[in-house]
Amino acid sequence: MKKTLLSLIVIVFTFSILAACTNTSNPSESSTQSSNKPIELTFMHILGGDQGKSIEKIADNFNKSQTKYVVKPVFESGNYEGLVEKLQALLVTKKLPDVVMSGLNFTNYFNDNMPIVPAQTFIDKEQTDLSDFYPNMLELGKGKDGKQYAMPFAVSTPVLYYNKDMFKKAGLDPENPPKTFEEVREAAKTLTAGDQYGMFYDYTISGAWMFQAMVETMGGQMAADDGKSVAFNSEPGKKALQHWVDLVNNDKSMPKMVGSQPLQSFTSGKLGMYAYSTGALNQIEDASNFELGVAPFPTDGDQQRKIPAGGNTLYVMKSTPEKEKGAWEFIKYATSTEGTTIVAKEMGYMATRKSAVEGQELGAYFKENPLAKVTYTQLEDMVPWNNYSGADGTRIYKVIQDNIDAALNNQKTVDQAIEDAAKEANNLLK
907 MKKTLLSLIV
917 IVFTFSILAA
927 CTNTSNPSES
937 STQSSNKPIE
947 LTFMHILGGD
957 QGKSIEKIAD
967 NFNKSQTKYV
977 VKPVFESGNY
987 EGLVEKLQAL
997 LVTKKLPDVV
1007 MSGLNFTNYF
1017 NDNMPIVPAQ
1027 TFIDKEQTDL
1037 SDFYPNMLEL
1047 GKGKDGKQYA
1057 MPFAVSTPVL
1067 YYNKDMFKKA
1077 GLDPENPPKT
1087 FEEVREAAKT
1097 LTAGDQYGMF
1107 YDYTISGAWM
1117 FQAMVETMGG
1127 QMAADDGKSV
1137 AFNSEPGKKA
1147 LQHWVDLVNN
1157 DKSMPKMVGS
1167 QPLQSFTSGK
1177 LGMYAYSTGA
1187 LNQIEDASNF
1197 ELGVAPFPTD
1207 GDQQRKIPAG
1217 GNTLYVMKST
1227 PEKEKGAWEF
1237 IKYATSTEGT
1247 TIVAKEMGYM
1257 ATRKSAVEGQ
1267 ELGAYFKENP
1277 LAKVTYTQLE
1287 DMVPWNNYSG
1297 ADGTRIYKVI
1307 QDNIDAALNN
1317 QKTVDQAIED
1327 AAKEANNLLK
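In my numbering, the protein residues as written are 907 to 1336.
Keep in mind that a hint or two might mislead.
List of simulated lysine to aspartate or glutamate pairs, DMTMM-like, C-alpha gap at most 25 Å [said to hold, decoys possible]:
hint, residue 1, residue 2
1, K1050, E1264
2, K1329, E987
3, K1304, E1032
4, K1162, E1325
5, K1224, D1101
6, K1162, E987
7, K992, D1298
8, K1158, E1235
Calculated directly from the structure, the hints in this document are not laboratory data.
My request is simple: use the sequences and hints to build the entire structure.
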(Lines of atoms letter the chains of each structure in order from A and count residues from 1; the text may use other names and numbers.)
(Lines give C-alpha, C1' and ligand atoms only; values in the text may rest on other atoms or scores of the structure.)
Protein backbone atom coordinates (compact mmCIF):
# COMPACT_ATOMS: atom_id res chain seq x y z
CA MET A 1 0.00 0.00 0.00
CA LYS A 2 2.82 2.36 0.89
CA LYS A 3 4.61 1.48 -2.35
CA THR A 4 1.46 2.15 -4.33
CA LEU A 5 1.00 5.53 -2.61
CA LEU A 6 4.65 6.41 -3.19
CA SER A 7 4.31 5.51 -6.86
CA LEU A 8 1.27 7.74 -7.22
CA ILE A 9 3.12 10.65 -5.58
CA VAL A 10 6.06 10.18 -7.97
CA ILE A 11 3.73 10.07 -10.99
CA VAL A 12 1.87 13.19 -9.88
CA PHE A 13 5.13 15.02 -9.15
CA THR A 14 6.54 14.01 -12.53
CA PHE A 15 3.46 15.26 -14.37
CA SER A 16 3.62 18.49 -12.37
CA ILE A 17 7.19 19.08 -13.51
CA LEU A 18 6.27 18.25 -17.10
CA ALA A 19 3.30 20.61 -16.94
CA ALA A 20 5.46 23.35 -15.46
CA CYS A 21 8.07 22.86 -18.16
CA THR A 22 5.37 22.91 -20.81
CA ASN A 23 3.92 26.19 -19.40
CA THR A 24 7.30 27.92 -19.50
CA SER A 25 7.09 27.99 -23.29
CA ASN A 26 3.70 29.71 -23.30
CA PRO A 27 4.80 33.13 -22.02
CA SER A 28 7.08 33.39 -25.03
CA GLU A 29 4.21 32.56 -27.34
CA SER A 30 1.87 34.85 -25.38
CA SER A 31 4.45 37.65 -25.55
CA THR A 32 4.64 37.29 -29.31
CA GLN A 33 0.87 37.46 -29.59
CA SER A 34 0.83 40.48 -27.29
CA SER A 35 3.48 42.23 -29.36
CA ASN A 36 1.36 41.68 -32.44
CA LYS A 37 -1.65 43.26 -30.78
CA PRO A 38 -2.10 46.98 -31.62
CA ILE A 39 -1.21 49.44 -28.89
CA GLU A 40 -4.37 51.20 -27.72
CA LEU A 41 -4.23 55.00 -27.43
CA THR A 42 -6.88 57.34 -26.02
CA PHE A 43 -7.57 60.78 -27.46
CA MET A 44 -9.50 63.17 -25.21
CA HIS A 45 -11.38 66.00 -26.95
CA ILE A 46 -14.38 68.31 -26.40
CA LEU A 47 -16.05 68.25 -29.82
CA GLY A 48 -19.48 66.65 -29.95
CA GLY A 49 -22.24 66.32 -32.55
CA ASP A 50 -21.17 66.38 -36.19
CA GLN A 51 -17.74 67.66 -35.25
CA GLY A 52 -17.36 64.68 -32.95
CA LYS A 53 -18.17 62.40 -35.90
CA SER A 54 -15.34 64.04 -37.83
CA ILE A 55 -13.00 63.31 -34.92
CA GLU A 56 -14.08 59.66 -35.12
CA LYS A 57 -13.39 59.71 -38.87
CA ILE A 58 -9.87 61.07 -38.41
CA ALA A 59 -9.13 58.40 -35.80
CA ASP A 60 -10.64 55.68 -37.98
CA ASN A 61 -8.58 56.76 -40.99
CA PHE A 62 -5.42 56.65 -38.91
CA ASN A 63 -6.30 53.23 -37.52
CA LYS A 64 -6.81 51.86 -41.03
CA SER A 65 -3.55 53.37 -42.28
CA GLN A 66 -1.37 51.15 -40.07
CA THR A 67 -1.56 48.15 -37.73
CA LYS A 68 0.63 49.16 -34.80
CA TYR A 69 -1.76 51.54 -33.00
CA VAL A 70 -5.50 51.94 -32.40
CA VAL A 71 -6.72 55.38 -31.38
CA LYS A 72 -9.95 55.61 -29.41
CA PRO A 73 -11.45 59.12 -29.11
CA VAL A 74 -12.91 60.01 -25.70
CA PHE A 75 -15.42 62.87 -25.67
CA GLU A 76 -15.30 65.14 -22.62
CA SER A 77 -18.46 67.23 -22.36
CA GLY A 78 -18.03 70.89 -21.53
CA ASN A 79 -15.59 73.49 -22.77
CA TYR A 80 -11.80 73.66 -22.55
CA GLU A 81 -12.00 74.60 -18.86
CA GLY A 82 -13.98 71.42 -18.20
CA LEU A 83 -11.37 69.32 -19.97
CA VAL A 84 -8.61 70.82 -17.82
CA GLU A 85 -10.60 70.06 -14.66
CA LYS A 86 -11.02 66.46 -15.85
CA LEU A 87 -7.29 66.12 -16.46
CA GLN A 88 -6.52 67.54 -13.03
CA ALA A 89 -8.67 64.80 -11.52
CA LEU A 90 -7.01 62.13 -13.67
CA LEU A 91 -3.58 63.29 -12.54
CA VAL A 92 -4.42 61.89 -9.12
CA THR A 93 -5.32 58.47 -10.54
CA LYS A 94 -2.42 58.56 -13.01
CA LYS A 95 -4.75 57.39 -15.79
CA LEU A 96 -4.19 60.15 -18.30
CA PRO A 97 -5.12 59.94 -21.98
CA ASP A 98 -2.34 59.63 -24.55
CA VAL A 99 -3.38 62.56 -26.76
CA VAL A 100 -5.18 65.64 -25.47
CA MET A 101 -6.93 68.48 -27.26
CA SER A 102 -6.18 71.73 -25.45
CA GLY A 103 -7.82 75.10 -25.91
CA LEU A 104 -5.41 77.71 -27.20
CA ASN A 105 -6.02 79.79 -24.07
CA PHE A 106 -4.46 77.00 -21.98
CA THR A 107 -1.16 76.68 -23.84
CA ASN A 108 0.99 78.17 -21.07
CA TYR A 109 -0.92 76.26 -18.42
CA PHE A 110 -0.34 72.93 -20.20
CA ASN A 111 3.31 73.68 -20.87
CA ASP A 112 3.96 74.61 -17.23
CA ASN A 113 1.71 72.22 -15.31
CA MET A 114 0.80 69.11 -17.31
CA PRO A 115 2.96 65.97 -17.82
CA ILE A 116 3.48 66.43 -21.56
CA VAL A 117 6.11 65.43 -24.09
CA PRO A 118 6.85 68.54 -26.15
CA ALA A 119 6.30 68.11 -29.89
CA GLN A 120 9.78 69.60 -30.32
CA THR A 121 11.22 66.34 -28.94
CA PHE A 122 9.87 64.38 -31.91
CA ILE A 123 10.45 67.19 -34.42
CA ASP A 124 14.15 67.34 -33.55
CA LYS A 125 14.54 63.57 -33.54
CA GLU A 126 12.83 63.09 -36.91
CA GLN A 127 13.94 66.39 -38.46
CA THR A 128 10.28 67.05 -39.30
CA ASP A 129 9.65 69.58 -42.07
CA LEU A 130 7.11 72.13 -40.83
CA SER A 131 7.35 74.55 -43.76
CA ASP A 132 3.89 73.58 -45.06
CA PHE A 133 2.19 74.96 -41.92
CA TYR A 134 1.16 78.61 -41.87
CA PRO A 135 3.77 80.24 -39.59
CA ASN A 136 1.22 81.97 -37.34
CA MET A 137 -0.58 78.64 -36.95
CA LEU A 138 2.59 77.02 -35.64
CA GLU A 139 3.04 79.92 -33.23
CA LEU A 140 -0.17 78.84 -31.50
CA GLY A 141 1.54 75.70 -30.20
CA LYS A 142 4.79 77.30 -29.10
CA GLY A 143 5.90 78.02 -25.57
CA LYS A 144 7.47 81.13 -24.09
CA ASP A 145 10.89 79.68 -24.99
CA GLY A 146 9.99 79.45 -28.68
CA LYS A 147 9.87 75.64 -28.74
CA GLN A 148 6.99 73.72 -30.30
CA TYR A 149 5.03 72.11 -27.46
CA ALA A 150 1.84 71.22 -29.32
CA MET A 151 0.60 71.07 -32.91
CA PRO A 152 -2.24 73.28 -34.23
CA PHE A 153 -5.33 71.21 -35.01
CA ALA A 154 -8.73 72.95 -35.29
CA VAL A 155 -8.25 76.72 -35.47
CA SER A 156 -10.87 79.44 -35.83
CA THR A 157 -11.32 83.20 -35.90
CA PRO A 158 -14.33 85.30 -34.92
CA VAL A 159 -16.40 86.39 -37.93
CA LEU A 160 -19.59 88.37 -38.42
CA TYR A 161 -22.54 86.19 -39.45
CA TYR A 162 -25.53 88.12 -40.77
CA ASN A 163 -29.02 87.47 -42.08
CA LYS A 164 -29.21 88.79 -45.65
CA ASP A 165 -33.01 88.50 -45.72
CA MET A 166 -33.30 90.71 -42.62
CA PHE A 167 -30.89 93.20 -44.18
CA LYS A 168 -33.05 93.47 -47.30
CA LYS A 169 -36.23 93.84 -45.27
CA ALA A 170 -34.65 96.62 -43.16
CA GLY A 171 -33.41 98.49 -46.23
CA LEU A 172 -29.71 97.58 -45.69
CA ASP A 173 -27.41 96.39 -48.45
CA PRO A 174 -26.87 92.63 -47.93
CA GLU A 175 -23.74 92.75 -50.09
CA ASN A 176 -22.21 95.52 -48.01
CA PRO A 177 -22.21 94.37 -44.36
CA PRO A 178 -20.84 96.59 -41.56
CA LYS A 179 -17.06 96.88 -41.53
CA THR A 180 -16.48 98.85 -38.33
CA PHE A 181 -17.85 98.74 -34.80
CA GLU A 182 -19.68 102.02 -35.37
CA GLU A 183 -21.28 100.66 -38.54
CA VAL A 184 -22.32 97.54 -36.61
CA ARG A 185 -24.00 99.71 -34.00
CA GLU A 186 -25.94 101.72 -36.58
CA ALA A 187 -27.00 98.62 -38.51
CA ALA A 188 -28.08 96.94 -35.27
CA LYS A 189 -30.40 99.85 -34.48
CA THR A 190 -31.98 99.56 -37.94
CA LEU A 191 -32.42 95.79 -37.65
CA THR A 192 -34.00 95.89 -34.19
CA ALA A 193 -37.79 95.74 -34.36
CA GLY A 194 -40.47 93.91 -32.42
CA ASP A 195 -39.10 90.65 -31.08
CA GLN A 196 -35.98 90.69 -33.24
CA TYR A 197 -32.63 92.14 -32.23
CA GLY A 198 -29.94 93.60 -34.42
CA MET A 199 -26.69 92.23 -33.02
CA PHE A 200 -25.03 89.87 -30.58
CA TYR A 201 -21.34 89.61 -29.74
CA ASP A 202 -20.93 86.26 -28.04
CA TYR A 203 -19.21 87.66 -24.95
CA THR A 204 -19.77 84.45 -22.95
CA ILE A 205 -17.31 82.34 -24.97
CA SER A 206 -14.74 80.84 -22.62
CA GLY A 207 -11.36 82.44 -22.08
CA ALA A 208 -12.56 86.04 -22.64
CA TRP A 209 -12.10 85.27 -26.35
CA MET A 210 -14.55 87.82 -27.75
CA PHE A 211 -13.45 90.47 -25.27
CA GLN A 212 -9.85 90.00 -26.38
CA ALA A 213 -10.90 90.40 -30.03
CA MET A 214 -12.53 93.72 -29.14
CA VAL A 215 -9.71 95.01 -26.93
CA GLU A 216 -6.86 94.16 -29.29
CA THR A 217 -8.70 95.38 -32.40
CA MET A 218 -9.21 98.67 -30.56
CA GLY A 219 -5.46 98.89 -29.98
CA GLY A 220 -5.11 97.41 -26.49
CA GLN A 221 -3.66 94.30 -24.87
CA MET A 222 -5.00 91.75 -22.43
CA ALA A 223 -1.72 91.48 -20.52
CA ALA A 224 1.49 93.42 -20.05
CA ASP A 225 4.45 92.33 -22.16
CA ASP A 226 6.08 90.56 -19.20
CA GLY A 227 2.83 88.74 -18.38
CA LYS A 228 2.99 89.79 -14.74
CA SER A 229 -0.06 92.05 -14.84
CA VAL A 230 -3.16 92.63 -16.93
CA ALA A 231 -3.41 95.47 -19.43
CA PHE A 232 -7.08 95.52 -20.41
CA ASN A 233 -7.74 98.26 -17.81
CA SER A 234 -6.81 100.87 -20.38
CA GLU A 235 -8.79 103.02 -22.78
CA PRO A 236 -9.26 100.25 -25.40
CA GLY A 237 -10.59 97.84 -22.74
CA LYS A 238 -13.08 100.38 -21.45
CA LYS A 239 -14.05 101.34 -24.99
CA ALA A 240 -14.69 97.70 -25.86
CA LEU A 241 -16.98 97.10 -22.90
CA GLN A 242 -18.71 100.45 -23.45
CA HIS A 243 -19.58 99.36 -26.99
CA TRP A 244 -21.41 96.33 -25.61
CA VAL A 245 -23.10 98.36 -22.87
CA ASP A 246 -24.33 100.83 -25.49
CA LEU A 247 -25.86 98.06 -27.57
CA VAL A 248 -27.50 96.32 -24.59
CA ASN A 249 -28.61 99.16 -22.34
CA ASN A 250 -28.74 102.29 -24.48
CA ASP A 251 -29.79 101.13 -27.94
CA LYS A 252 -31.62 97.97 -26.77
CA SER A 253 -30.35 96.32 -29.96
CA MET A 254 -28.43 93.47 -28.31
CA PRO A 255 -30.05 90.97 -25.93
CA LYS A 256 -28.40 89.33 -22.93
CA MET A 257 -28.10 85.63 -23.73
CA VAL A 258 -26.00 82.67 -22.61
CA GLY A 259 -25.08 79.21 -23.81
CA SER A 260 -26.76 78.12 -27.03
CA GLN A 261 -29.42 80.87 -26.90
CA PRO A 262 -27.71 83.31 -29.31
CA LEU A 263 -27.01 80.57 -31.85
CA GLN A 264 -30.63 79.43 -31.72
CA SER A 265 -31.87 83.00 -31.91
CA PHE A 266 -29.76 83.72 -34.98
CA THR A 267 -30.63 80.53 -36.88
CA SER A 268 -34.35 81.05 -36.13
CA GLY A 269 -34.27 84.51 -37.74
CA LYS A 270 -34.60 86.55 -34.54
CA LEU A 271 -31.11 88.07 -34.67
CA GLY A 272 -29.73 90.13 -37.54
CA MET A 273 -25.97 89.84 -36.88
CA TYR A 274 -23.93 87.47 -34.78
CA ALA A 275 -20.20 87.72 -33.97
CA TYR A 276 -19.08 84.17 -33.32
CA SER A 277 -16.52 81.51 -34.24
CA THR A 278 -16.04 80.40 -37.82
CA GLY A 279 -15.99 76.89 -36.37
CA ALA A 280 -19.80 77.08 -36.18
CA LEU A 281 -20.27 77.82 -39.89
CA ASN A 282 -21.47 74.35 -40.91
CA GLN A 283 -23.84 74.17 -37.97
CA ILE A 284 -25.29 77.61 -38.73
CA GLU A 285 -25.70 76.86 -42.43
CA ASP A 286 -27.51 73.60 -41.68
CA ALA A 287 -29.88 75.20 -39.14
CA SER A 288 -30.73 78.40 -41.04
CA ASN A 289 -33.60 78.79 -43.51
CA PHE A 290 -32.52 82.22 -44.78
CA GLU A 291 -29.73 83.53 -46.98
CA LEU A 292 -26.63 83.62 -44.81
CA GLY A 293 -23.81 86.13 -45.08
CA VAL A 294 -20.37 85.97 -43.47
CA ALA A 295 -18.06 88.97 -43.15
CA PRO A 296 -14.71 89.60 -41.45
CA PHE A 297 -14.75 90.71 -37.82
CA PRO A 298 -15.35 94.49 -37.55
CA THR A 299 -12.52 96.98 -37.07
CA ASP A 300 -12.23 100.17 -35.03
CA GLY A 301 -12.22 102.64 -37.87
CA ASP A 302 -8.95 102.38 -39.79
CA GLN A 303 -7.09 100.45 -37.07
CA GLN A 304 -5.71 97.05 -38.00
CA ARG A 305 -7.86 94.13 -36.95
CA LYS A 306 -6.25 91.89 -34.29
CA ILE A 307 -8.24 88.80 -33.45
CA PRO A 308 -7.27 85.87 -31.23
CA ALA A 309 -7.08 82.48 -32.85
CA GLY A 310 -9.65 80.22 -31.27
CA GLY A 311 -9.71 76.46 -31.29
CA ASN A 312 -7.13 74.01 -30.10
CA THR A 313 -3.84 72.17 -30.33
CA LEU A 314 -2.90 68.52 -29.75
CA TYR A 315 -0.50 67.38 -27.03
CA VAL A 316 1.38 64.13 -26.43
CA MET A 317 1.03 63.12 -22.78
CA LYS A 318 3.78 61.33 -20.87
CA SER A 319 3.42 57.56 -20.89
CA THR A 320 5.51 54.61 -22.09
CA PRO A 321 7.90 55.27 -24.99
CA GLU A 322 5.74 53.10 -27.25
CA LYS A 323 2.57 55.04 -26.45
CA GLU A 324 4.30 58.41 -26.74
CA LYS A 325 5.57 57.42 -30.19
CA GLY A 326 2.08 56.27 -31.18
CA ALA A 327 0.52 59.50 -29.92
CA TRP A 328 2.94 61.51 -32.05
CA GLU A 329 2.20 59.36 -35.11
CA PHE A 330 -1.52 60.06 -34.66
CA ILE A 331 -0.92 63.80 -34.25
CA LYS A 332 1.15 63.79 -37.42
CA TYR A 333 -1.76 62.25 -39.30
CA ALA A 334 -4.42 64.48 -37.68
CA THR A 335 -2.44 67.59 -38.71
CA SER A 336 -1.41 66.25 -42.12
CA THR A 337 -2.82 67.63 -45.37
CA GLU A 338 -5.44 64.88 -45.34
CA GLY A 339 -6.31 65.36 -41.68
CA THR A 340 -6.54 69.16 -41.76
CA THR A 341 -8.66 68.96 -44.93
CA ILE A 342 -11.24 66.99 -42.95
CA VAL A 343 -11.04 69.58 -40.16
CA ALA A 344 -11.73 72.41 -42.63
CA LYS A 345 -14.29 70.73 -44.86
CA GLU A 346 -16.34 68.79 -42.35
CA MET A 347 -15.82 70.66 -39.07
CA GLY A 348 -15.82 74.27 -40.26
CA TYR A 349 -12.47 75.13 -38.69
CA MET A 350 -9.43 76.44 -40.59
CA ALA A 351 -6.93 74.20 -42.32
CA THR A 352 -3.47 74.75 -40.84
CA ARG A 353 -1.47 73.75 -43.93
CA LYS A 354 -0.93 75.64 -47.17
CA SER A 355 -1.08 72.42 -49.20
CA ALA A 356 -4.63 71.81 -47.92
CA VAL A 357 -5.92 75.33 -48.56
CA GLU A 358 -4.34 75.39 -52.00
CA GLY A 359 -5.25 71.78 -52.76
CA GLN A 360 -7.83 70.51 -55.21
CA GLU A 361 -10.27 69.14 -52.63
CA LEU A 362 -10.58 72.31 -50.57
CA GLY A 363 -10.39 74.42 -53.73
CA ALA A 364 -13.53 72.74 -55.01
CA TYR A 365 -15.13 73.04 -51.58
CA PHE A 366 -14.42 76.78 -51.34
CA LYS A 367 -15.84 77.27 -54.83
CA GLU A 368 -19.12 75.66 -53.76
CA ASN A 369 -19.00 77.21 -50.26
CA PRO A 370 -17.45 80.70 -50.59
CA LEU A 371 -18.54 81.62 -47.04
CA ALA A 372 -16.03 79.09 -45.72
CA LYS A 373 -13.12 81.07 -47.12
CA VAL A 374 -13.94 84.36 -45.36
CA THR A 375 -12.00 83.37 -42.25
CA TYR A 376 -8.81 82.93 -44.30
CA THR A 377 -8.90 86.62 -45.23
CA GLN A 378 -8.09 87.24 -41.54
CA LEU A 379 -4.99 85.02 -41.40
CA GLU A 380 -2.65 87.99 -41.16
CA ASP A 381 -4.82 89.53 -38.42
CA MET A 382 -4.60 86.47 -36.20
CA VAL A 383 -2.84 86.73 -32.83
CA PRO A 384 -2.44 84.10 -30.07
CA TRP A 385 -5.29 83.62 -27.63
CA ASN A 386 -4.07 85.30 -24.46
CA ASN A 387 -2.71 83.00 -21.75
CA TYR A 388 -2.37 84.18 -18.17
CA SER A 389 0.52 82.53 -16.33
CA GLY A 390 0.55 80.94 -12.91
CA ALA A 391 -1.55 78.32 -11.18
CA ASP A 392 -4.41 80.83 -10.74
CA GLY A 393 -4.12 82.28 -14.23
CA THR A 394 -7.09 80.38 -15.58
CA ARG A 395 -9.35 81.87 -12.87
CA ILE A 396 -8.87 85.32 -14.37
CA TYR A 397 -11.24 84.52 -17.22
CA LYS A 398 -14.11 84.08 -14.77
CA VAL A 399 -13.16 87.37 -13.07
CA ILE A 400 -13.37 89.16 -16.42
CA GLN A 401 -16.66 87.48 -17.31
CA ASP A 402 -18.26 88.29 -13.96
CA ASN A 403 -17.42 91.97 -14.33
CA ILE A 404 -18.62 92.10 -17.95
CA ASP A 405 -21.93 90.66 -16.74
CA ALA A 406 -22.08 93.25 -13.92
CA ALA A 407 -21.66 96.11 -16.40
CA LEU A 408 -24.26 94.73 -18.80
CA ASN A 409 -26.67 94.25 -15.88
CA ASN A 410 -26.18 97.88 -14.77
CA GLN A 411 -24.66 96.70 -11.50
CA LYS A 412 -21.37 98.49 -12.21
CA THR A 413 -20.24 101.30 -14.45
CA VAL A 414 -17.87 100.38 -17.27
CA ASP A 415 -14.92 102.01 -15.48
CA GLN A 416 -15.74 100.24 -12.22
CA ALA A 417 -16.16 96.84 -13.89
CA ILE A 418 -12.86 97.11 -15.76
CA GLU A 419 -10.91 98.36 -12.75
CA ASP A 420 -12.42 95.75 -10.42
CA ALA A 421 -11.57 92.99 -12.90
CA ALA A 422 -8.02 94.25 -13.27
CA LYS A 423 -7.45 94.53 -9.52
CA GLU A 424 -8.70 91.02 -8.79
CA ALA A 425 -6.85 89.56 -11.78
CA ASN A 426 -3.56 91.15 -10.77
CA ASN A 427 -3.94 89.66 -7.28
CA LEU A 428 -4.30 86.23 -8.89
CA LEU A 429 -1.15 86.77 -10.94
CA LYS A 430 0.99 87.50 -7.86
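So which hints don't hold here, by number, going up?
Failing hints, ascending: 1, 3, 5 and 8.
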